[in-house]
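Sequential numbering from 1 applies to the sequence shown in the working numbering.
For the record, the hints were derived by calculation from the structure and aren't laboratory data.
Quick reminder that beta carbons are idealized off the backbone N, C-alpha and C, glycines included.
Treat the hints loosely; a few may be bogus.
What the hints assert, rightly or not - The list that follows gives simulated cross-link-like pairs (lysine to any residue, SDA-like), each with its CA atoms no further than 20 Å apart:
hint : residue 1 : residue 2
1    : LYS438    : GLY456
2    : LYS228    : PRO524
3    : LYS502    : SER218
4    : LYS431    : PHE366
5    : LYS430    : LYS495
6    : LYS505    : THR42
7    : LYS228    : LEU520
8    : LYS228    : MET209
9    : LYS377    : PHE366
10   : LYS438    : PHE477
11   : LYS529    : SER218
12   : LYS110    : ARG484
13   : LYS431    : GLY479
14   : LYS529    : THR221
15   : LYS495    : SER99
16   : LYS452    : GLN409
17   : LYS430    : PHE477
18   : LYS452    : VAL384
19   : LYS430    : SER99
Unchecked claim - So the derived label-pair ranges between C-beta atoms look like this:
hint : residue 1 : residue 2 : range
20   : MET6      : CYS175    : 17 to 27 Å
21   : LEU447    : LEU216    : 44 to 54 Å
22   : PHE90     : LYS489    : 17 to 27 Å
23   : LYS502    : LEU473    : 33 to 43 Å
24   : PHE488    : PHE248    : 49 to 59 Å
25   : LYS502    : PRO327    : 43 to 53 Å
26   : LEU473    : ASP213    : 55 to 65 Å
27   : LYS489    : LEU365    : 19 to 29 Å
28   : PHE488    : PHE90     : 16 to 26 Å
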Amino acid sequence: MVWIIMTFLLINAGIFIFSYLRTKDIDLKTSDGYFLGGRSLTALYIGSSLLLTNLSTEQMVGLNGQSYSGTMSAMAWEVTAPLALIMLAFVFLPRYLSSGVTTIPDFLEKRYDQRTRQIVSILLLLGYATSFLPTVLYSGALVLDQVFNISSALGINTLVTVFLISLVIGAASCCYIFFGGLKAAASADAIYGVGLILGGLFIFVLGIMAIGDGSLLSGYTELTSVHKEKLNAITADNSAEVPWPTIFTGLLVNNLFYWAVNQSIVQRALGAKNLAEGQKGALLAGVFKTIGVFYLVLPGVIAYHLYGGHIQNADTVYPRLIVDLLPTALIGVFAAILFGAILSSFNGSLNSTITLFTLDLYKPLFKPEAKEEELVKTGRIFVVILAAVSIIIAPFILFAPSGLYNYLQEMFGFFNVPVLAAVVVGFFSKKVPALAVKWAIFAHIVLYTISKIYFGHIHFLYILAVLFPFSVLLMLFIGRLKPRPSEFKLEKNAKVDLQPWKHAKLASVLVICLMACIYLLFSPWGLAK
Numbered sequence: 001m002v003w004i005i006m007t008f009l010l011i012n013a014g015i016f017i018f019s020y021l022r023t024k025d026i027d028l029k030t031s032d033g034y035f036l037g038g039r040s041l042t043a044l045y046i047g048s049s050l051l052l053t054n055l056s057t058e059q060m061v062g063l064n065g066q067s068y069s070g071t072m073s074a075m076a077w078e079v080t081a082p083l084a085l086i087m088l089a090f091v092f093l094p095r096y097l098s099s100g101v102t103t104i105p106d107f108l109e110k111r112y113d114q115r116t117r118q119i120v121s122i123l124l125l126l127g128y129a130t131s132f133l134p135t136v137l138y139s140g141a142l143v144l145d146q147v148f149n150i151s152s153a154l155g156i157n158t159l160v161t162v163f164l165i166s167l168v169i170g171a172a173s174c175c176y177i178f179f180g181g182l183k184a185a186a187s188a189d190a191i192y193g194v195g196l197i198l199g200g201l202f203i204f205v206l207g208i209m210a211i212g213d214g215s216l217l218s219g220y221t222e223l224t225s226v227h228k229e230k231l232n233a234i235t236a237d238n239s240a241e242v243p244w245p246t247i248f249t250g251l252l253v254n255n256l257f258y259w260a261v262n263q264s265i266v267q268r269a270l271g272a273k274n275l276a277e278g279q280k281g282a283l284l285a286g287v288f289k290t291i292g293v294f295y296l297v298l299p300g301v302i303a304y305h306l307y308g309g310h311i312q313n314a315d316t317v318y319p320r321l322i323v324d325l326l327p328t329a330l331i332g333v334f335a336a337i338l339f340g341a342i343l344s345s346f347n348g349s350l351n352s353t354i355t356l357f358t359l360d361l362y363k364p365l366f367k368p369e370a371k372e373e374e375l376v377k378t379g380r381i382f383v384v385i386l387a388a389v390s391i392i393i394a395p396f397i398l399f400a401p402s403g404l405y406n407y408l409q410e411m412f413g414f415f416n417v418p419v420l421a422a423v424v425v426g427f428f429s430k431k432v433p434a435l436a437v438k439w440a441i442f443a444h445i446v447l448y449t450i451s452k453i454y455f456g457h458i459h460f461l462y463i464l465a466v467l468f469p470f471s472v473l474l475m476l477f478i479g480r481l482k483p484r485p486s487e488f489k490l491e492k493n494a495k496v497d498l499q500p501w502k503h504a505k506l507a508s509v510l511v512i513c514l515m516a517c518i519y520l521l522f523s524p525w526g527l528a529k
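With the hints as constraints, model all of the structure from the sequences given.
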């Protein structure tokens with residue numbers, strides 16, 4: 001255990017020092033430098049940071065838990081993400097960078113009005129502060145507790161354990177954000193990203209060998225011949241984790257919001273040194289997402305072979321695989337990498353949340369004349385406050401209902417559709433007024449709430465598939481009734497080179513082919529036949 005703890009601490013300390021040194025060439029006294037890494041991020045940083053900001057313990061634990069208790073249909077959350085990332089690269093990012101915006105609400109203000117920007121910022125802040133940030137801390141605390149057996153060693157209950165571990169994670173995250181801003185977090189992501197993929201794939205290989213009693217071939221044979229129904233990712237059953245008809249409907253809507261409009265994700269791409277690097281980074285993240293199935297979903301099926309269906313809490317499956325399969329000398333190393341995944345998601349969301357507060361609410365509402373240094377100082381103060389609130393809330397998620405991963409996705413469904421609709425309509429219309437966005441947000445929240453009360457038996461992705469076109473049509477209808485006095489024209493204020501990557505289209509085709517191959521593999525025409 002001493003070796004595990006030492007390797008864990010040394011690896012994380014080393015990566016923090018490296019990340020801090022990487023910020024020496026960035027002016028952290030400016031909002032661009034602090035919040036967007038000085039608009040200097042390259043493809044590798046963007047791609048790995050997009051992956052790590054998205055990837056954390058609620059996915060590694062939750063998705064493997066879903067495949068353990070269900071089938072491979074849960075892989076849709078990962079494997080279909082490239083569709084949204086391709087649209088980010090070709091549709092959303094060029095428009096964001098050409099306008100020089102710092103946040104998505106910043107774009108909404110340019111397109112509609114300041115009140116729209118503030119409403120959306122408040123919705124995003126509430127979503128992150130009360131749901132996502134505490135959940136990252138909570139799920140991460142559970143994993144680290146199982147790896148290091150902290151609750152037993154200290155003789156404390158789970159509630160106190162989650163609080164203490166959340167405090168450590170929150171403090172470490174504040175160090176990254178407080179001292180290094182986005183560039184420090186993105187530099188750490190690049191290292192953690194490689195380690196997480198390699199470590200996750202290593203557990204996948206060890207799991208197959210464990211099924212075959214040390215033989216990789218025997219393990220593969222058993223995995224693909226016994227319980228083959230669990231290898232099927234294509235099912236229309238409403239009780240499935242992700243019914244396949246939603247892939248190009250509700251799930252696409254959900255993914256488009258997450259990868260192309262969600263501030264904590266898009267902020268990575270907004271920090272690109274030019275459009276070409278941003279596109280390469282987005283498509284690189286798409287490749288990462290397709291292969292993620294092998295370490296985020298398939299280990300859950302492997303666990304079913306190893307432990308049977310007797311584990312009541314499916315969320316304990318992945319931490320158990322780590323402890324049971326990894327050599328003792330490597331547990332601390334992978335725990336450090338896992339800690340990095342937790343830290344990255346918390347960093348990304350925390351950084352984007354303070355950006356929203358500082359640039360979208362604090363400056364325009366409270367201190368329009370605030371200087372750059374004051375904005376950075378305010379952001380640092382808000383980091384501490386927001387982290388403290390998240391740490392306090394995190395332990396109480398222990399009393400939340402089961403199925404936390406889907407629960408979080410459903411909670412974001414309360415506001416993701418109208419925000420996505422506002423951005424899309426803002427891109428392609430010139431007459432739709434700000435009033436249309438406000439009505440769309442109000443109507444969506446009311447209708448989505450009604451759907452949860454009266455149509456809870458219908459998968460929420462089907463609901464989103466209906467409500468997104470409804471929001472778009474409602475905005476266009478209001479635009480016809482009460483159009484803007486003058487047509488909107490987005491002013492060009494590019495701060496980076498907008499020359500696209502010359503191989504972007506070819507790379508996109510290759511990514512889509514890779515995605516199709518993964519689905520064919522885990523289908524009735526592949527391993528599940």
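Going through the hints against the structure:
| no. | hint | result |
| --- | --- | --- |
| 1 | LYS438 <-> GLY456 | 26 Å, violated |
| 2 | LYS228 <-> PRO524 | 9 Å, holds |
| 3 | LYS502 <-> SER218 | 45 Å, violated |
| 4 | LYS431 <-> PHE366 | 31 Å, violated |
| 5 | LYS430 <-> LYS495 | 24 Å, violated |
| 6 | LYS505 <-> THR42 | 19 Å, holds |
| 7 | LYS228 <-> LEU520 | 14 Å, holds |
| 8 | LYS228 <-> MET209 | 18 Å, holds |
| 9 | LYS377 <-> PHE366 | 15 Å, holds |
| 10 | LYS438 <-> PHE477 | 13 Å, holds |
| 11 | LYS529 <-> SER218 | 19 Å, holds |
| 12 | LYS110 <-> ARG484 | 13 Å, holds |
| 13 | LYS431 <-> GLY479 | 6 Å, holds |
| 14 | LYS529 <-> THR221 | 14 Å, holds |
| 15 | LYS495 <-> SER99 | 8 Å, holds |
| 16 | LYS452 <-> GLN409 | 13 Å, holds |
| 17 | LYS430 <-> PHE477 | 13 Å, holds |
| 18 | LYS452 <-> VAL384 | 35 Å, violated |
| 19 | LYS430 <-> SER99 | 16 Å, holds |
| 20 | MET6 <-> CYS175: 17 to 27 Å | 20 Å, holds |
| 21 | LEU447 <-> LEU216: 44 to 54 Å | 51 Å, holds |
| 22 | PHE90 <-> LYS489: 17 to 27 Å | 22 Å, holds |
| 23 | LYS502 <-> LEU473: 33 to 43 Å | 37 Å, holds |
| 24 | PHE488 <-> PHE248: 49 to 59 Å | 30 Å, violated |
| 25 | LYS502 <-> PRO327: 43 to 53 Å | 45 Å, holds |
| 26 | LEU473 <-> ASP213: 55 to 65 Å | 59 Å, holds |
| 27 | LYS489 <-> LEU365: 19 to 29 Å | 26 Å, holds |
| 28 | PHE488 <-> PHE90: 16 to 26 Å | 22 Å, holds |
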